[in-house]
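Novice: Chains as they are written, first to last, in the working numbering: chain A, 1 to 138; chain B, 139 to 430; chain C, 431 to 581.
These are calculated hints, taken from the structure and not from any lab test. Certain hints may be false.
Claimed, not checked - Once the Cα atoms are required to be at most 20 Å apart in a straight line, the calculated EDC-like pairs of lysine to aspartate or glutamate come out as: (1) B:Lys141 with B:Glu163; (2) B:Lys141 with A:Glu135; (3) A:Lys88 with C:Asp500; (4) A:Lys131 with B:Glu171.
Said to hold, decoys possible - Now the stretches of chain A that chain C is said to cover, found in silico as 3 or more residues with beta-carbon under 8 Å: (5) 9-16; (6) 23-29; (7) 55-62; (8) 74-86; (9) 122-132.
Ideal Cβ placement from N, Cα and C applies to all residues, glycine included.
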Amino acid sequence: MPFLPKIGIIACSGEGCSGGNISRAAALKVLHELRPHKTLTICLPLFLAGDSGERGFAEIFPTITIDGCSKMCAARGTARYSSEPAVKINIEDYAGDMCLDDTERWTINHSTDIVNRIAEDVARHVDRLRKELEEGLI
Amino acid sequence: MVKLYVLPCAGYDRPGGAITRAVAERIAAEDEEVTIGSVASLSAERPGEMRSLLSSPVIVIDGCSMNCARKIAETRGARNVQTVDVTQHTDPQDPEEKRVEAVIKVVREILRESRERPASPKRETTATTAAPEAGAPEENDLSIRVDKFTMTVRRGYHYSDNDFWVSVEGDLVRVGATDVLQQMVSDIYYVELEEVGKTVELGDDAGRLESTKTAMEIIIPISGTIVECNERLVDSPELINESPYDEGWLYVMRPTDLTELELLKNAEEYLEYAAAKARKELERQTSGGGDS
Amino acid sequence: MRPQRPARNSRDRLPVEATVRMSGKRRLLIPCSGIGKAVGEVAREATRLLMEELRPGTFETVCLPLIMTDDEGDTGELVRSSEVFAIDGCPKKCATASVKHAGGEVDHGVLVVRVLAKNRSHRPESIVDIGEGGRQLARDVAMTLIEEGGV
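Looking at chain A on its own, in the form it has when it is part of the complex (with noise of 0.2 Å):
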């Protein structure tokens, strides 16, 4: 097989509210457990503070981004320092507004079937982004 570049996970990982801790599980999951080999994550702190590298991967292959609230900063930060995501996940779609409730801001308590569903979606789109590039299509 040709060499097919990893798709990059951006999550935003934000201490403001519950939902940055559920983009941050649902980006490790999919980092560490369902597509280990496929992705690679960028640190967004790191992405918005100017580091070549991971601007770098981002401007030149696929990412997907994880916002925990429609302030959608991993997306706006990627696109704007960087290139616009392949894909945008807001965990709004999934579970309404986490930041309504501050249970799930450091640790996933009742939250472990969102956090399952979010990063089944993710490792869905790696593969599909994965199989476009190697189709050429992106």
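Starting from the known structure of chain A, fit chains B and C onto it as the hints suggest.
Specialist: Same frame as chain A, but now just chains B and C:
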């Protein structure tokens, strides 16, 4: 079928440039799996062009021995590029069409061989980027990208398989850890160095590093006597991460036998070696849940 | 549907006045919380410890990415007007960089790897699970910040 990226130099300043362009167009017209690359787009690092370059086998057609297209392809990360130099396969006195035919024949042969060969591991996620911030590669540096990591090797230095470097400074040598090593071990928070005056042999342990991922011995890449230690590392071990070839050096030594340098790799050799090592390490990390 | 639970809204639960010092400034705690390294997870855990266990009601926090992307909102003003406590995981110092990006200054900063150097047995295991060493390191980091910030 594997897509192929054919990059003509297409230069206007030499007659061969027009031939490369004609060859690429003819090849692409007869083979739908061929993508014609653009030197200009690679120079500008256009995302789509970079993606094509880095995810396809690459054949470069250069119109003269300056090999501009090969150089730009390699500096943008293509490795083991197959190059066709028009001057090597044609007689400059021949009419242009004859020269085009001659080069097409060579390119067709390479295409055929590319497809018959099992997919080679030589196509890697490599790209050179000149990061503009502090600690960025100098002009004298080679760099290679493995996934999102850009690893730098300094030309003119000598490298051990244990990922330490030696630079010759008059009668003395300076020793340090490579950029590849510092990226693999991640953030270094503790450095213990040997004392000045100690004599060590190539391969000996001389001090140790601790990082958020591992603890390791410093393995000396050349025999000699330590004449200076980098005392700044005691309070600022992160200098090895931030500036491995400059401020993050480890020792200055008086070498016992400079011919030992022949046992070490040069920058180009080490770059290949280190990229393979880094890829293995990344695979191991993604399997083990380490830093990524 | 998520199960209904009593609302515990972070934006309402901590009254703003609880985070105000005598100086009149709010205390803002910003961890790097990078997802690429275990020390980022340690920074996050240290933040949780400070906000939930060690000094509840003392700090506010704000999403770091919001600092970098919220040009229109009031996040930048919050950073500039607060007493800022930053927890950076690695020497890239992303939390500090973000504060500076917003035009603010870090009043009290701590670097996780520097704290680790002082107690090397408290090494985090991995980003997925920082382990007992990582949890101890997070506590070391939190205590360092408490001491340095006098809170």
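Novice: For every hint, state whether the structure bears it out.
Specialist: Do the hints match the structure? See the list:
no.: 1; hint: B:Lys141 with B:Glu163; result: holds, 15 Å
no.: 2; hint: B:Lys141 with A:Glu135; result: holds, 9 Å
no.: 3; hint: A:Lys88 with C:Asp500; result: holds, 18 Å
no.: 4; hint: A:Lys131 with B:Glu171; result: holds, 17 Å
no.: 5; hint: 9-16; result: holds (count 6)
no.: 6; hint: 23-29; result: holds (count 3)
no.: 7; hint: 55-62; result: violated (count 0)
no.: 8; hint: 74-86; result: holds (count 4)
no.: 9; hint: 122-132; result: violated (count 0)
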